[in-house]
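**Q** Below, each chain spelled out in residue letters.
Protein chains: 2
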Amino acid sequence: MRRNDNFARLNKNYLFTEIEKRVAAFKAKEPSAKLISLSVGDTSQSIPPSIAKGLVQKITDLQVNETYSGYGPSQGDRALREKIAEAFYENKISADEIFISDGAKCDIGRLQLLFGEKSKIVLQNPTYPVYLDSSLLMGQTEISALPALPDNGFFPEFGKVKEVDLIYFCSPNNPTGVAATKEQLKELVSFAKSRCAVIIFDSAYAGFIRDPSLPRSIYEIEGAEECAIEVSSFSKLIGFTGVRLGWSVVPKALKYENGLSVHDDWQRVMATFFNGASNIAQAGGVAALTPEGVEEMRGLTDYYLENVRLLRGALQPMGYPIYGGEAAPYLWVDFGEERFQEFLERYHILTTPGSGFGSAGKGFLRFSGFGSREDILEATRRLKREVSYQNSDR
Amino acid sequence: MRRNDNFARLNKNYLFTEIEKRVAAFKAKEPSAKLISLSVGDTSQSIPPSIAKGLVQKITDLQVNETYSGYGPSQGDRALREKIAEAFYENKISADEIFISDGAKCDIGRLQLLFGEKSKIVLQNPTYPVYLDSSLLMGQTEISALPALPDNGFFPEFGKVKEVDLIYFCSPNNPTGVAATKEQLKELVSFAKSRCAVIIFDSAYAGFIRDPSLPRSIYEIEGAEECAIEVSSFSKLIGFTGVRLGWSVVPKALKYENGLSVHDDWQRVMATFFNGASNIAQAGGVAALTPEGVEEMRGLTDYYLENVRLLRGALQPMGYPIYGGEAAPYLWVDFGEERFQEFLERYHILTTPGSGFGSAGKGFLRFSGFGSREDILEATRRLKREVSYQNSDR
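Here the protein sequences come in this chain order: A and B.
Under the numbering used here, the first sequence has 163 at position 163, and the numbering climbs by one with no breaks.
Under the numbering used here, the second sequence has 106 at position 106, and the numbering climbs by one with no breaks.
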């Protein structure tokens with residue numbers, strides 16, 4: 001009954017637990033305050049009708065022996081994989097290279113099983129905490145977090161890294177809300193190739209990109225299929241955070257240094273540690289990729305982008321640098337010092353402290369646009385009122 | 001891009017892949033043959049009406065902003081955990097000790113993250129292959145598989161093992177279909193305690209137990225809460241193999257040798273490597289544990305038990321020892337030699353070769369009762385015809 005030593009290496013103040021405690025303390029002090037959460041990136045808007053119809057149709061099928069099905073194909077429903085290949089990869093990636101899962105987060109941890117026990121890992125700083133925590137729990141000891149800050153265009157100086165096996169890279173980025181440019185991703189691919197490293201590219205927010213010059217997938221970069229795995233998700237695009245549906249791409253061209261296929265091993269890992277995404281969720285994914293579903297997905301992502309535009313408008317008069325928000329519904333605001341507690345107590349607004357995403361996030365707050373329009377508008381009113389009060393006060 | 005060395009340790013002829021190949025070869029040879037599968041344990045019968053209603057109701061809720069929800073509580077829906085505590089554990093286990101997941105298989109791999117990097121692992125032989133494969137891929141090197149055969153009542157001689165950290169034990173057992181008795185499980189718990197080891201008890205088939213003297217959970221044994229984790233599943237009970245819903249139990253009384261809580265670490269592992277079972281599936285689980293749902297679950301499990309009773313009737317006249325089938329819809333038949341190919345070619349019936357579950361399964365075949373009644377009856381007709389033909393031939 002020995003404990004996995006790696007637990008001791010985890011940061012004890014796990015971001016969201018810490019926030020919960022601070023909020024509980026505030027609520028105890030001010031029980032009547034109406035808190036607005038611009039914190040955790042959970043969706044607030046209902047599942048659109050044609051996608052919901054796809055979910056219900058599957059249940060209708062599961063109620064009749066003739067159309068009932070149990071375990072699906074181990075890589076996931078073929079129709080869904082074909083639609084993903086077409087919709088997200090213009091068929092540059094084939095259905096055989098796509099693996100349906102219950103979400104990008106779950107794939108992030110499992111993927112480490114592919115590589116050597118002691119992989120050298122490079123992360124962005126700030127970063128989605130799961131890349132770090134899963135690496136630590138898997139026993140990885142050589143982990144570097146490279147600063148991604150306004151002054152380097154949120155793109156780390158990878159060139160300084162001598163040896164690396166795995167690079168986690170998220171674009172559009174959580175927490176900064178900034179998408180990498182094509183030039184930056186070319187540099188990333190070229191760096192990975194020069195070090196014989198694998199990129200794990202997290203494109204969970206790619207559906208929010210509107211600027212056609214920004215890549216939505218790492219495979220838009222030439223040669224990426226030889227050095228990159230992509231993880232992605234329906235969660236934020238169609239209100240599926242609770243329904244659970246994502247996918248990974250492991251190209252057949254991706255080989256280990258010994259020439260063996262990474263794809264074959266990933267099939268084995270998925271068959272051993274996973275048993276398929278819910279067939280109901282998969283039917284919803286198929287519905288989301290019909291013309292009607294795609295339009296609904298666009299409407300839903302537009303809604304959250306408009307939320308974040310409104311928030312930006314309310315924060316701008318404060319005069320602090322604001323990043324992100326155009327390719328993902330997160331704003332990353334540089335206050336130069338910790339302001340979580342102040343937003344909680346003065347505006348009754350919950351944000352996410354940047355330091356929760358790594359040391360380079362210190363002094364930043366993340367504002368999420370995933371709330372309801374009513375909440376966002378109320379938040380903007382509170383922020384604007386305060387600003388005009390401050391201005392008139394001077 | 002180094003490959004995880006542990007892949008090389010996996011058995012290359014992964015059971016189901018091997019079966020697929022043999023079947024493909026047979027089909028190419030006899031394209032008109034109507035094959036009946038009594039092989040992989042997938043369910044064939046539709047989801048019962050009141051459970052399906054629960055699934056659909058959740059989608060209705062997800063379509064309206066006021067009742068929409070995204071990420072659920074990280075341990076899973078509280079109502080579901082309370083119902084599981086009551087229905088399966090008579091509240092001897094509390095809702096706080098239950099973690100909802102997407103299935104027992106997925107928990108089996110994740111659970112190893114709790115324990116020291118080099119855990120000494122004991123399995124039954126034969127065994128569900130996932131215990132072994134996940135252990136190998138996680139880098140475990142000290143794995144013993146103890147024979148569980150008719151002559152030891154399918155209960156290994158644990159006493160011979162000096163040092164062990166983790167014991168995987170499945171009852172009712174896959175592949176043998178045999179449930180451990182209360183005396184055997186008392187011995188198992190006492191053995192685990194004497195070695196300060198943890199039992200990972202897989203009760204995915206407990207819903208098929210009809211004999212009231214047989215334990216349905218390890219926690220029916222006194223003291224088990226101090227040395228056992230249980231994994232279980234709705235898959236086979238309500239036709240959820242494709243819908244995906246299971247749970248694990250990590251009692252608060254379970255401590256590492258250093259006195260720290262295993263439960264706290266499991267919360268952390270689940271929050272890092274998992275993101276919740278589908279909320280739709282969870283609503284189905286709640287519906288399955290209403291009085292109406294429980295009745296439907298009983299009807300469905302009775303159906304498969306009747307299937308396996310019919311199969312037994314057809315196999316008995318062949319004169320080979322038949323085990324299992326009363327507490328799980330699997331028959332484990334001791335032919336004394338490999339008969340997979342013969343059943344395929346002579347009866348056009350697919351079975352699972354016992355050797356796929358470990359060396360001690362050599363000479364056995366597993367027959368699954370999860371097919372439709374029509375298929376089971378057709379299989380029994382083919383088997384009986386053959387037997388009477390053989391008899392008249394003598």
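Worth double-checking, as some hints may not be accurate.
Any copy will do: because identical chains look the same in the list, a pair fits if it lies in one copy or spans two.
Stated by the list, open to error - Only pairs whose alpha carbons sit at most 30 angstroms apart, straight line, appear in this in silico DSBU-like list of lysine-lysine:
#, residue 1, residue 2
1, 384, 53
2, 53, 186
3, 162, 34
4, 255, 118
5, 92, 27
6, 27, 252
7, 193, 34
8, 162, 29
To be clear, the hints were calculated from the coordinates, so they are not data collected in a lab.
**Q** Please work out whether the CA atoms of residue 162 and residue 34 approach to 30 angstroms or closer within one copy, between two copies, in both situations, or in neither?
**A** neither (51 angstroms within a copy, 60 angstroms between copies)
**Q** Taking 30 angstroms as the upper bound on the Cα-Cα distance, should residue 255 and residue 118 be classified as within, between, both, or neither?
**A** both (18 angstroms within a copy, 28 angstroms between copies)
**Q** Since the copies are identical, ignore which copy is meant and state whether residue 162 and residue 29 lie within 30 angstroms (CA to CA) inside a copy, between copies, both or neither.
**A** Close neither inside one copy (51 angstroms) nor across copies (56 angstroms); limit 30 angstroms.
**Q** My question is about residue 27 and residue 252: at a cut-off of 30 angstroms on alpha-carbon distance, are they close within one copy, between copies, both, or neither?
**A** Answer is between: at 28 angstroms across copies they meet the 30 angstroms cutoff, but 52 angstroms inside does not.
**Q** If the cutoff is 30 angstroms on CA atoms, where do residue 384 and residue 53 land: within, between, both or neither? Let me know, please.
**A** Answer is neither: 41 angstroms inside a copy and 47 angstroms across each miss the 30 angstroms cutoff.
**Q** Using 30 angstroms as the alpha-carbon threshold, which applies to residue 53 and residue 186: within, between, both, or neither?
**A** neither (40 angstroms within a copy, 50 angstroms between copies)
**Q** How would you label the pair residue 92, residue 27 (within, between, both, or neither) given a Cα cut-off of 30 angstroms?
**A** Result: close neither inside a copy nor across copies, 51 angstroms intra and 33 angstroms inter.
**Q** If the cut is 30 angstroms between Cα atoms, do residue 193 and residue 34 qualify within a copy, between copies, both or neither?
**A** Neither: 51 angstroms inside a copy, 51 angstroms across copies.
Violated hints, listed in ascending order, are 1, 2, 3, 5, 7, 8; each of the other numbered hints is respected by the structure.
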